[in-house]
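Here the protein sequences come in this chain order: A and B.
Take the first sequence: its position 74, counted from the start at 1, is 74 in our numbering, and no numbers get skipped.
Take the second sequence: its position 23, counted from the start at 1, is 23 in our numbering, and no numbers get skipped.
A couple of the hints might just be wrong.
Negatives, chain A to chain B, calculated, CB over 12 angstroms [said to hold, decoys possible]:
1) Glu15
2) Gly16
3) Asn29
4) His34
5) Glu45
6) Ala46
7) Lys69
8) Gly71
Listed next, the in silico PhoX-like pairs over lysine-lysine satisfying Cα-Cα at most 20 angstroms (straight line) [stated by the list, open to error]:
9) A:Lys42 <-> B:Lys9
10) A:Lys42 <-> A:Lys69
11) A:Lys42 <-> A:Lys57
12) B:Lys44 <-> A:Lys42
13) A:Lys105 <-> B:Lys44
14) A:Lys78 <-> A:Lys58
15) B:Lys9 <-> B:Lys44
16) B:Lys57 <-> B:Lys44
17) A:Lys69 <-> A:Lys59
Listed next, with one range per pair, are the computed distances between beta-carbon atoms [claimed, not checked]:
18) B:Gly16 <-> A:Lys78: 47 to 55 angstroms
19) A:Lys78 <-> B:Gly53: 43 to 51 angstroms
20) A:Asn67 <-> B:Gly16: 20 to 28 angstroms
21) A:Asn53 <-> B:Gln22: 34 to 42 angstroms
22) A:Asp17 <-> B:Thr70: 33 to 41 angstroms
23) A:Pro82 <-> B:Lys57: 39 to 47 angstroms
24) A:Gln9 <-> B:Ser18: 30 to 38 angstroms
25) A:Thr40 <-> B:Pro75: 23 to 31 angstroms
26) A:Ser85 <-> B:Phe10: 35 to 43 angstroms
27) A:Asn96 <-> B:Gln22: 38 to 46 angstroms
28) A:Val13 <-> B:Gly40: 33 to 41 angstroms
29) B:Pro39 <-> A:Pro82: 19 to 27 angstroms
If you are wondering where the hints come from, they were derived from the structure by calculation, not from laboratory data.
Ideal Cβ placement from N, Cα and C applies to all residues, glycine included.
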Amino acid sequence: ILNVEQSPQSLHVQEGDSTNFTCSFPSSNFYALHWYRWETAKSPEALFVMTLNGDEKKKGRISATLNTKEGYSYLYIKGSQPEDSATYLCAPANSNSGYALNFGKGTSLLVTP
Amino acid sequence: NAGVTQTPKFRILKIGQSMTLQCTQDMNHNYMYWYRQDPGMGLKLIYYSVGAGITDKGEVPNGYNVSRSTTEDFPLRLELAAPSQTSVYFCASSQEGGYTFGSGTRLTVV
């Protein structure tokens, strides 16, 4: 079981603000780092799967970076919109766990107009 | 393309009853998973499978059983339901990328 820490636990921003969250994980035997977006009453949806140190991925206004040597990943949202309101989960996998992910508790984002 | 389909969506069980949560996927994914979500606790892995005929325990397997006789199906069995098993259950599948989740089953044990 990988120890995954996400911060902050919750975040409330105004529409148009940019924001970022942190995911910390054990750096040993790193295999992959997943980010998911989870809206209330829906299922989690995959945002990014990252495997390489220094990797940066982008989808619209959302981007993520990865540092496997120090064991952290940042998720950035530029110009937050109310539809970005959701819980953002990160989930690392190491060479022992393979494809089975241990999810963090998530960062709950609320964007108000 | 239905993705991952879970049934039922809701269920109320009495203590000691048994039931099977169904999960099927049509993406020919080798990997399938069962998670439970408890308030404030995030998603906890119950069981997972890397292919037909192969299953393995996750973080919280006690009180559950699984089977994987086909690539498509990965049912989760509760033999003697307990109040501690009240939760929302998510099935997911993957190949080499991110997970595809089902819509969840909300189970209440009374």
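Here is how each hint holds up against the structure:
no., hint, verdict
1, Glu15, "holds (27 angstroms)"
2, Gly16, "holds (28 angstroms)"
3, Asn29, "holds (18 angstroms)"
4, His34, "violated (6 angstroms)"
5, Glu45, "violated (8 angstroms)"
6, Ala46, "violated (3 angstroms)"
7, Lys69, "holds (23 angstroms)"
8, Gly71, "holds (18 angstroms)"
9, A:Lys42 <-> B:Lys9, "holds (12 angstroms)"
10, A:Lys42 <-> A:Lys69, "violated (34 angstroms)"
11, A:Lys42 <-> A:Lys57, "violated (24 angstroms)"
12, B:Lys44 <-> A:Lys42, "holds (17 angstroms)"
13, A:Lys105 <-> B:Lys44, "holds (10 angstroms)"
14, A:Lys78 <-> A:Lys58, "holds (11 angstroms)"
15, B:Lys9 <-> B:Lys44, "holds (19 angstroms)"
16, B:Lys57 <-> B:Lys44, "holds (11 angstroms)"
17, A:Lys69 <-> A:Lys59, "violated (24 angstroms)"
18, B:Gly16 <-> A:Lys78: 47 to 55 angstroms, "holds (52 angstroms)"
19, A:Lys78 <-> B:Gly53: 43 to 51 angstroms, "holds (46 angstroms)"
20, A:Asn67 <-> B:Gly16: 20 to 28 angstroms, "violated (49 angstroms)"
21, A:Asn53 <-> B:Gln22: 34 to 42 angstroms, "holds (40 angstroms)"
22, A:Asp17 <-> B:Thr70: 33 to 41 angstroms, "violated (48 angstroms)"
23, A:Pro82 <-> B:Lys57: 39 to 47 angstroms, "holds (40 angstroms)"
24, A:Gln9 <-> B:Ser18: 30 to 38 angstroms, "holds (36 angstroms)"
25, A:Thr40 <-> B:Pro75: 23 to 31 angstroms, "holds (27 angstroms)"
26, A:Ser85 <-> B:Phe10: 35 to 43 angstroms, "violated (25 angstroms)"
27, A:Asn96 <-> B:Gln22: 38 to 46 angstroms, "violated (30 angstroms)"
28, A:Val13 <-> B:Gly40: 33 to 41 angstroms, "violated (22 angstroms)"
29, B:Pro39 <-> A:Pro82: 19 to 27 angstroms, "holds (24 angstroms)"
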